[in-house]
Each structure stands twice: as C-alpha cells, then as structure tokens.
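K.L.:
Line order of the protein sequences matches chains A and B. Residues in the first sequence are numbered from 16 upward in steps of one, following the working numbering. Residues in the second sequence are numbered from 16 upward in steps of one, following the working numbering.
Since the hints were derived computationally from the structure, they do not count as laboratory data. Check the hints yourself; a few may be wrong.
The list treats identical chains as one, so a pair stands whether inside a single copy or across any two.
Here are the simulated EDC-like cross-link-like pairs (lysine to aspartate or glutamate), alpha carbons at most 16 Å apart as the crow flies [claimed, not checked]: (1) 42 <-> 239; (2) 168 <-> 428; (3) 168 <-> 116; (4) 433 <-> 386; (5) 391 <-> 111; (6) 325 <-> 484; (7) 325 <-> 75; (8) 168 <-> 137; (9) 168 <-> 500; (10) 42 <-> 116; (11) 433 <-> 294; (12) 42 <-> 235; (13) 42 <-> 243; (14) 433 <-> 235; (15) 325 <-> 68; (16) 433 <-> 280.
This is what each chain is made of:
Protein chains: 2
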Amino acid sequence: MTLTHATNSLQVEKLPLVSGVSLIEGKPAAGPSRDPMAFVSISPPSGDPIGVEFHAATLEDADAACRAAWRAFHTLANRAAEDRAAFLDRAATKIDALGDDLVAWACAETGLTPARIRAERDRTTYTLRMFAQVVREGAWVRAAIDLPEPNRKPTPRPDLRRMLRPLGPVAVFGAGNFPLAYSAAGGDTASALAAGCPVIVKGHPGHPGTGELVARAVCDAAAEIGLDPGIYSYLHAGGAREMEIGAAVVRHPCVRAVGFTGSFEGGLAIARIGAERPDPIPVFAEMGSTNPVFLLRHALQSQSDPIAEKLASSITGSNGQMCTCPGLIFALRDELTDAFLRRLATLLDHTPPQPMLNRRTLDTLLRRLGEVASVKGVELRAGQAGRAAALGGGTIASGPALYRTSLATFRAERRLHKECFGPVAIVVLCDTEQELVEGAALIQGSLTGSIFSGAMDATLAARVQSILEQRVGRIIHNGVPTGVEVCHAMTHGGPFPATNQPHTTAVGPLAIERWCRPVTYQNTPDQHLPVELRSDNPRRIERLVNGVPTREPA
Amino acid sequence: MTLTHATNSLQVEKLPLVSGVSLIEGKPAAGPSRDPMAFVSISPPSGDPIGVEFHAATLEDADAACRAAWRAFHTLANRAAEDRAAFLDRAATKIDALGDDLVAWACAETGLTPARIRAERDRTTYTLRMFAQVVREGAWVRAAIDLPEPNRKPTPRPDLRRMLRPLGPVAVFGAGNFPLAYSAAGGDTASALAAGCPVIVKGHPGHPGTGELVARAVCDAAAEIGLDPGIYSYLHAGGAREMEIGAAVVRHPCVRAVGFTGSFEGGLAIARIGAERPDPIPVFAEMGSTNPVFLLRHALQSQSDPIAEKLASSITGSNGQMCTCPGLIFALRDELTDAFLRRLATLLDHTPPQPMLNRRTLDTLLRRLGEVASVKGVELRAGQAGRAAALGGGTIASGPALYRTSLATFRAERRLHKECFGPVAIVVLCDTEQELVEGAALIQGSLTGSIFSGAMDATLAARVQSILEQRVGRIIHNGVPTGVEVCHAMTHGGPFPATNQPHTTAVGPLAIERWCRPVTYQNTPDQHLPVELRSDNPRRIERLVNGVPTREPA
C-alpha cells in the first residue's frame with residue numbers, strides 16, 4: 016500500500032524562503048545566531064525535516080510583542096473603523112498574493128492536499144473580508160441609547176448609552192489542523208482585529224513556515240495602511256520552549272483574552288492559566304468533539320448507500336482531522352443497519368492511508384485507538400488500528416477505522432465517549448428506539464449532532480433533536496457535520512468539552528463578540544462618547560433608541 | 016446616639032405568618048417536626064430573633080426541586096412564549112398584592128427603610144413586567160436565517176438558522192443586600208424564567224421570611240397560569256446546612272447555570288464548584304466593587320458642595336450596602352479638595368449609625384475597617400471605625416467612615432484596593448494629574464467609575480475615561496454610581512473581581528442572554544424548527560435574513 020498524496024510531488028527544496036524567526040510588531044526578532052533551541056518542521060508524507068531552522072521566540076520577544084500590542088490597542092482606538100476594515104481587506108489581498116508559495120508550504124508541513132489548502136486559504140481570506148464588512152457596517156457593536164427623562168419622579172432618568180468595546184490585546188494559538196483558517200490570520204485573528212484588539216499569535220510548531228508567510232502578509236498590510244505595527248506579532252513556538260512561550264503570553268498583563276483551537280488537554284491547561292491570573296481573562300478554547308450521527312430507520316430504507324458514501328467521505332476528509340468529523344454513529348440493530356454498515360466498511364476499507372498532521376497527532380490517535388479496541392464489546396468493523404504505522408519509513412500516516420459496539424457497552428464505557436481525533440468512527444447499535452434516544456442523552460457536549468431521517472421518522476427525530484439541543488451547537492438534518500459555513504446563522508461552538516464557552520461561536524460575524532464586553536456611558540458629553548454612540552449617529556449604524564431599532568440620530 | 020430607623024416602629028409579633036419551610040415545586044417541604052438544624056431570622060435594629068423558626072431544606076428537598084425543574088424545563092419548551100410572559104406579569108401582580116406585609120417583613124429582616132424596600136419592590140415588579148414584554152416582543156432570541164443556495168459551486172450552501180436557546184434549570188442565590196431585587200424573584204430569577212429556564216432559589220438566611228412570601232407569590236402565579244410547578248422552587252438555607260444546600264444545587268446534574276450576587280469569597284467558591292463539575296456550567300457571580308470616583312479641578316471649583324452632598328448621600332444610602340456604593344475617591348491635593356473634604360467629612364459626621372443587614376456583614380466591615388486603618392499613611396477623616404459597635408445591646412449597626420491617604424500609599428497597599436462593603440470611602444490624594452491617571456490604572460475591575468469634571472477638564476477627563484473603559488462596566492459623568500436604571504443601555508457588570516463574567520449584564524433586557532446559548536439548525540424541516548425560526552415567521556419578530564434585519568417571512 017502506498018501513499019496517494021499530492022504533496023509527494025512538492026519539492027521541499029523549491030519552497031520559498033522563510034527567515035525562521037518571529038515577527039515582533041512587523042520586525043524580525045533578533046534571534047541568537049546559534050540557537051540551541053532551534054526546531055524544524057517535519058513533512059508528514061516523508062517524515063523528513065524541511066530544510067529550514069526555526070527559532071522559538073524568547074521570553075523577551077513575547078514580552079515585547081505584548082507590550083507593543085498594548086500600545087497599539089490605544090492608538091487603534093483613535094483610528095476610524097474604516098482603517099481596520101481596510102487593513103483586513105489588505106491582509107486578505109496579501110495572503111491571496113502568496114499564491115502557490117503558500118500552498119506549497121502548507122501542504123509540505125501538514126500533508127493536507129493542495130485542494131484542501133486552497134479551499135482553506137479561500138475561506139480564510141473570505142473571513143477576513145467578511146469581518147472588514149462587519150466593521151464597515153458597524154451595527155455589530157450593539158449600540159443602545161436610552162434618552163434622559165429630566166422630569167421623571169421620584170428621580171430623573173439619566174442619559175444611558177451602551178456598546179460593545181474591545182477587551183485589549185488577544186493571544187491566538189495556532190491550530191495544528193487548520194494551518195490557515197485557525198492560525199496566523201484565521202477566524203480568531205480576523206475577529207479580534209475586527210473588534211479592535213491587536214493580536215499576538217503563538218505559532219503552531221507543525222506549520223511554522225506557513226505561519227511565517229501569512230504573518231509577513233499581515234504585517235505588510237498593517238504597514239501599508241499605516242497602522243501601529245504593534246497590532247500584530249507572530250511568535251515561532253516549537254521545541255523545548257513551546258509551552259513556555261504560550262504560558263508567558265497568556266500570563267502577560269497586557270493580554271486581555273485568548274483564542275485557542277486544539278486538544279482538550281491543551282485547551283484546559285491554557286484556560287487554567289488564564290483563570291489563575293491575578294486578573295483572570297477569558298480563554299475561548301475549542302477542544303474535542305465527537306459529532307454524533309443518528310441514523311433513523313426510514314432514512315436507511317431509502318438512502319442507505321448515499322448516506323454511507325457521505326459519511327465515509329466526511330470521516331476520511333482531511334484524514335478525519337476536522338473538529339466536526341463524525342466520530343459516533345447511533346443506529347438501530349436491524350438488517351437495514353447491517354447493510355448500511357457493510358457498505359460503509361467497504362468504502363473505508365478502500366480508503367488508503369493518508370498523512371496525519373504530525374507525529375503527536377498520530378501518536379494520540381494510536382493511543383486512543385488502543386483504548387477503544389481494548390474495550391470488551393467493541394469490535395473492529397473496518398480498517399485496522401495502527402495499519403499506517405506498518406507503512407514503514409518515517410511516514411506519518413493512518414488509514415481509517417470503524418468500530419462497532421452496543422449501547423450497553425457505550426453506556427458503561429467512558430473511554431468510548433471521548434473524541435478519537437482522526438479518520439475513525441464508532442457505530443453504536445441500539446436495540447430499541449428508546450436506546451437511540453438514550454444514546455443522545457449519553458453523549459458529551461459536541462460541536463454538532465446530525466439526524467438522518469425520513470418523513471415517517473418525524474416523531475423519533477423530534478425526540479432526538481430535543482436532547483441534542485441540550486448537547487450540541489449545531490443540529491444537522493440529513494447531512495454530515497463537516498463543512499462549516501461562514502455566515503450569520505452559524506454556531507461553531509457547543510457545551511463542554513467541545514468548548515469551554517458555550518455561549519459563543521468561533522465562526523461567523525458573531526465571533527467578534529468574544530473579544531468585547533459591553534460598556535455603558537451615563538450622562539457622558541458627546542465629545543467623550545465613542546462615535547457609535549454620539550447623538551447625531553454619524554456612521555448611520557442601526558441602534559436601539561429607547562428600545563426601538565433605528566438608524567436615525569438620537 | 017440612637018438609631019433613627021423606621022423599622023423600630025414595626026412590631027415583629029404583627030408580622031404575617033410564614034411557614035418556615037421550603038417550597039418545592041409549589042408545595043411546602045415536609046420538614047422534620049423537630050428540626051435540630053432550624054434557624055431564625057434576626058432583626059438588625061434590635062439584634063433580636065424574629066419569632067419564626069425556619070427549617071433549612073434537606074438534600075432530598077434540593078434534589079427534588081432540581082429534578083422537578085428539569086421536568087418543567089421540557090414541558091415549558093412546549094408552551095407558547097405568551098404563557099411565560101403571562102406568568103411573569105402575574106408574579107409581579109402577586110408580589111404587589113403582598114403590600115405592607117412584604118414591606119414589614121423585609122424591613123424587619125434587613126433593617127432597610129420602608130421607603131427603600133418599597134422602591135426595591137417596585138423595581139422588582141418592574142423588572143418582571145419588563146421581561147414579560149421582552150418575551151412577548153420576541154426579538155431577544157437573536158434569530159438569524161441564511162437561506163440555501165442549492166446551485167452554489169463547489170458545494171451547495173445549506174439552509175442555516177440560529178437562535179438563542181435556554182440552558183436549562185438555573186440556580187439563583189439570594190443576595191443579602193437586595194431582599195427583593197436580587198433574591199426570590201429579582202433580576203436573575205426574572206431573566207432566567209423569561210429565557211425559559213426554571214429556577215431553584217437558594218434563599219439568603221438574612222431574610223427567609225421575605226423570601227418565603229415572595230416565593231409563595233411566584234408559585235401561586237405559576238399555578239394560576241397553569242405551568243408545571245417545577246418551574247420554581249425556593250429552598251430555605253441557613254444555619255449549619257446553608258453551605259451544603261448551595262453546593263448541592265450547584266453540583267446537581269439537572270442545574271445548568273447559576274446566578275450569584277454576594278461576596279467575593281462566596282462568588283469564587285460557587286464558581287469553583289460549577290467549574291469542577293464533570294460537565295462544567297456557567298456561574299454568573301457579581302461580587303465586590305470599589306466604584307472609584309475621580310474629582311477633577313474645575314468640577315470642584317464650581318460644584319464642590321453639591322458634589323459633597325451627592326457623594327455623602329451615595330456613600331450612606333442603604334448604609335453603604337449597595338454594590339455600586341462609591342468606595343474610592345481620587346482627587347488632586349490642593350485647597351479645593353481640602354474644602355471639599357471638610358464638607359464631606361461634616362456631612363458624614365452628622366450621619367447617625369444605621370442598621371447593617373446582618374451580623375456577618377457588620378463583622379466583615381469591621382474587619383476591613385481594621386485592615387484599612389492599620390495601613391501606615393491612612394488617616395481617619397470622618398466617622399469612627401467600630402463606632403456602631405459601641406451602641407451597646409444587640410444592635411447590628413454602623414456609622415459611616417471616611418479615610419484619607421496618598422497615591423503613593425494606595426499604590427503600595429493592596430489592602431486599600433479591595434471593597435469595604437458598608438458606608439465607607441477612602442479618599443486618595445494625588446500630587447499631579449499624572450498621579451490621578453495612574454490611580455485609574457491601579458483600581459481593580461469595578462461595576463462603575465465616575466468622573467466629575469468641568470468643561471475645562473475635558474482633556475484630563477478623556478484620559479481617565481480611556482483607562483476606566485478597560486476597568487469598569489459603566490462610566491458616569493458628573494453623577495454618583497448608585498441608582499442603576501433598568502433599561503436597554505444599562506451594563507451592570509464589569510471586569511474581575513466585580514464579576515467573573517464581564518461580557519454580561521445583570522440588569523436590563525440583555526441579562527436574559529446569560530441563561531442561553533446559540534443553537535444552529537441546518538437543513539431542518541420547518542416542523543422541527545422552533546417557532547421563531549420557521550419560514551413564515553408566525554410571531555413577526557425581527558430576524559436577520561441573509562444578514563438583513565426584517566420582520567418578513569424568510
């Protein structure tokens with residue numbers, strides 16, 4: 016069996032040059048000439064290092080980046096919203112202009128396909144441009160004005176005006192599985208910058224070259240718009256200093272909020288550091304998700320094969336390394352399900368191993384597969400745990416795996432409730448419809464929950480949905496969970512452990528609200544008010560005046 | 016010196032009867048006939064117990080209340096929004112109908128004046144009716160619909176619809192200092208019920224009789240509207256079982272969020288219990304606040320006496336036991352400030368001792384006063400720490416105190432940065448305008464910050480404000496922080512330690528959002544959608560359809 020992966024054709028020696036040092040407010044960090052802590056980026060398909068030495072940021076670099084961000088935060092407050100919008104647009108243009116250089120680096124560093132990387136790049140620049148639009152439009156601040164009533168008895172009513180205000184500098188942790196969309200200039204960075212919060216990125220060690228290219232584009236955009244360069248810094252973080260740099264940034268007094276996408280353990284550790292500060296700050300951590308799928312009888316009756324195909328593709332897309340990969344499948348134990356499972360197993364058995372993002376991700380997957388396989392009552396139905404490890408050489412890859420168990424076993428075994436990050440699903444067979452409903456009640460908090468149903472399944476679908484509404488951020492009917500639209504109505508979030516802040520979304524315009532809090536101005540002279548709250552409403556944004564939405568002056 | 020307090024005239028034996036047992040889903044808890052854990056309510060002006068024995072809820076009571084709330088949560092989901100609105104309106108009517116019985120109990124149990132209690136009662140019923148209106152109007156769910164694009168390339172865009180959905184049963188901790196507005200049926204209870212979350216109240220031991228009267232009114236309202244009685248339970252909590260009951264409710268799997276108003280230590284303890292659950296739940300804790308006031312030169316030049324009068328009244332109103340009591344006053348060291356201080360000191364010296372809410376509050380105040388007074392460089396300027404203790408008898412009371420110190424001392428002494436809950440303010444004298452600005456940067460997170468300034472102070476006022484925007488939830492110009500309007504533009508919240516959730520407000524319509532999270536429905540058949548998201552928009556609420564606000568069908 017061989018790796019059928021497009022990145023094999025990319026020649027690492029042809030990658031465009033990166034400096035290997037952090038970017039602190041637009042300038043390369045000094046970096047010791049012979050850094051004993053240097054680290055390398057590994058290309059998963061070959062397992063070989065890419066020939067560039069990266070230098071992890073020093074604690075002094077981190078401090079300088081955070082201080083510059085604090086200064087920039089205050090200069091940014093005096094700039095027009097249009098400047099922020101122009102900056103976001105320009106950053107998108109600059110990233111687009113990186114063209115195939117960026118695709119080559121990202122593919123080499125992550126093993127993801129060029130098609131996937133191009134789609135992710137387009138999503139990233141779309142998000143930057145969307146937030147530029149959100150900033151221009153201006154209503155996102157949720158402005159509300161309650162006019163004074165000087166003659167009210169017993170006491171006059173004061174003039175009260177409220178809007179969302181940015182928290183201050185934000186630290187963003189690059190995600191291993193989204194080298195573009197949740198890293199140097201992804202959703203967290205874009206939404207924080209849109210809110211008026213400078214960003215310090217702690218780069219992911221799995222794709223430092225990709226990160227540096229994007230970071231340079233963002234810094235150049237800031238310079239071209241004439242913004243304070245402290246608005247954005249990128250810290251290389253890898254090797255022995257990786258954890259230290261992340262912790263230093265989260266602890267830094269100038270940092271006021273944190274965005275994290277990654278593992279459950281990593282998210283909890285970062286959240287704990289944020290909570291244990293003398294002045295605790297919010298940490299928005301998106302962690303693990305099992306994305307359960309419920310297959311109802313009449314859906315399988317008419318759509319068994321198409322559903323199996325959709326699910327196989329959803330399980331193995333990006334080799335299962337999506338936060339919305341479907342990891343649990345609940346179905347009734349009957350012949351329909353048997354046939355469905357045969358089809359799904361065949362599809363997965365015919366999916367060749369694909370690269371995993373990095374050694375750590377593969378090791379975690381193999382450990383989780385071992386845990387799942389060791390549960391009495393769990394049976395391997397397709398694929399082969401550890402098969403990829405047998406490929407030999409340094410290849411970092413894995414094929415898919417499909418397990419089958421009963422609801423009784425699932426109920427008893429917490430090991431089956433946790434995410435297996437990779438191309439893996441566990442099918443839970445339920446003896447009755449009541450067991451299927453119980454399955455929904457047993458799952459951990461998750462980003463998504465999917466229900467495949469036919470018209471005749473409506474009653475059961477409603478029961479399952481009413482439980483999923485308590486457990487997930489997004490409910491999908493007759494579709495797979497992968498594919499997260501960037502739009503107003505999206506919720507990319509969910510109850511613990513999917514995230515630690517279930518009232519938020521990491522995707523869509525509302526993601527900007529994470530980096531803000533409401534501030535009320537009482538009896539404040541117009542000259543001291545933010546422009547969005549001034550009586551004449553110079554930006555003509557929609558505001559709530561005495562409870563009524565209007566774009567008119569107050 | 017004597018207590019000049021209206022509650023002295025209330026005769027405890029004339030108080031209307033309360034049962035002294037908890038109300039579990041509308042019914043009195045069984046309660047052992049001879050409860051060795053019974054507790055009493057103390058009347059602060061006399062220090063004597065009120066002649067009713069209260070029985071703390073048992074752990075079985077707490078469990079029954081939480082389970083009933085979980086059941087009610089699901090039945091409530093099938094009721095029209097109008098039923099919730101009618102329930103809130105009816106509860107307000109029932110509380111109004113308690114008339115002077117309620118005022119008598121609340122005054123007897125808290126030592127607050129009848130005028131204050133009547134105002135607080137009116138605020139409470141206003142809040143209930145406001146949330147009834149919010150629920151009827153319906154736009155609070157923030158509905159957003161992005162319509163499908165089946166022909167989009169490379170993949171079709173699905174149908175996506177999002178709204179806020181209630182979290183589930185909410186535990187509310189009664190506050191000592193607001194026996195009505197933040198207790199059995201106060202802001203947290205009203206906003207949670209409005210969101211569709213049943214409420215379990217853990218009563219405050221300082222005013223159990225008041226709490227029981229209000230709780231009975233709420234239960235009666237639920238019965239009259241025909242709602243599941245599990246929607247509301249009230250747990251008496253005092254004596255040795257107080258902490259145990261609170262912890263049991265916060266740990267209960269059926270409880271999905273917690274509202275707390277009280278001390279810093281209490282809030283942190285509750286938040287920790289919520290965070291350490293296997294499924295962590297949000298705890299919204301409003302804790303301590305110093306509410307700093309900045310006096311700028313030109314304000315004192317023209318308004319010294321009126322400002323002194325406003326501040327004296329704000330410091331001593333409700334005997335300083337308001338979360339927005341001004342506890343820190345920053346001013347320049349000059350003759351204007353000297354004159355202002357003389358006037359403020361005289362006013363405070365002429366304010367007689369008034370009752371404190373309870374022994375615990377008084378003891379905490381005396382300990383904090385001892386801490387403040389022991390700081391080298393702090394001078395007592397008016398009042399006398401511990402003066403009230405000298406009143407003799409069992410009276411629970413305190414007079415005001417005013418301290419003076421320098422910015423240098425304030426900078427060095429963390430003991431001065433924390434709240435003194437009671438009629439106490441510390442004046443911090445600053446040698447320069449720069450020191451005044453530094454003072455703003457030194458304060459802890461606070462609910463409010465006030466700036467008194469004249470037209471000529473505009474530059475300095477802007478500098479102070481730009482720092483307060485990072486530190487407080489509400490900025491007040493030329494006014495005192497006490498007096499929190501219930502309106503759209505209000506933010507009653509702020510950075511840690513004022514609250515642990517600075518993105519929220521505890522007052523005003525937005526308070527409802529604390530008890531919800533967004534849920535997205537993808538490709539969901541109309542019949543499975545909540546009514547607010549259905550295509551025909553039967554409730555004609557304002558929704559964001561493809562990003563545009565509209566009341567039209569989608």
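K.L.:
Taking the hints in turn, state whether each one holds.
P.N.:
Here's how the hints hold up against the structure:
1. In the homo-oligomer, the alpha carbons of residue 42 and residue 239 lie at most 16 Å apart inside one protomer (14 Å), although the nearest pairing across protomers, at 69 Å, exceeds that limit.
2. In this assembly of identical chains, residue 168 and residue 428 lie within 16 Å of each other by CA distance neither inside one copy nor across copies; the values are 63 Å within and 42 Å between.
3. Within a single copy, residue 168 and residue 116 get their C-alpha atoms no closer than 69 Å, and across copies no closer than 25 Å, so neither meets the 16 Å cut-off.
4. For the identical chains of this complex, residue 433 and residue 386 are intra-copy neighbours only, at 10 Å inside a copy versus 50 Å across copies, given an alpha-carbon limit of 16 Å.
5. Within a single copy, residue 391 and residue 111 get their C-alpha atoms no closer than 51 Å, and across copies no closer than 62 Å, so neither meets the 16 Å cut-off.
6. Taking the shortest alpha-carbon separations for residue 325 and residue 484, neither the intra-copy value of 23 Å nor the inter-copy value of 50 Å comes in at or below 16 Å.
7. Taking the closest pair of Cα atoms, residue 325 and residue 75 never come within 16 Å of each other, the shortest separation being 49 Å inside a single copy and 49 Å across copies.
8. Proximity of residue 168 to residue 137 under the C-alpha cut-off of 16 Å is restricted to the inter-copy arrangement: shortest distance 13 Å between copies versus 58 Å within a copy.
9. Within a single copy, residue 168 and residue 500 get their C-alpha atoms only as close as 51 Å, which misses the 16 Å cut-off; across copies the closest is 13 Å, which meets it.
10. Proximity of residue 42 and residue 116 under a CA criterion of 16 Å is satisfied in neither setting, with 21 Å inside one chain copy and 71 Å between copies.
11. With identical chains, the CA atoms of residue 433 and residue 294 are at most 16 Å apart between copies only, with a shortest distance of 13 Å across copies and 32 Å within one.
12. For the identical chains of this complex, residue 42 and residue 235 are intra-copy neighbours only, at 10 Å inside a copy versus 68 Å across copies, given an alpha-carbon limit of 16 Å.
13. Proximity of residue 42 and residue 243 under a CA criterion of 16 Å is satisfied intra-copy only: 12 Å inside one chain copy versus 64 Å between copies.
14. In this assembly of identical chains, the alpha carbons of residue 433 and residue 235 never lie at most 16 Å apart, being 42 Å within a copy and 45 Å across copies at closest.
15. In this homomeric assembly, residue 325 and residue 68 never come within 16 Å of each other (Cα to Cα): the closest approach is 41 Å inside a single copy and 65 Å across copies.
16. With identical chains, the CA atoms of residue 433 and residue 280 are at most 16 Å apart within one copy only, with a shortest distance of 12 Å there and 34 Å across copies.
The structure is inconsistent with the numbered hints 2, 3, 5, 6, 7, 10, 14 and 15, although it conforms to all the rest.
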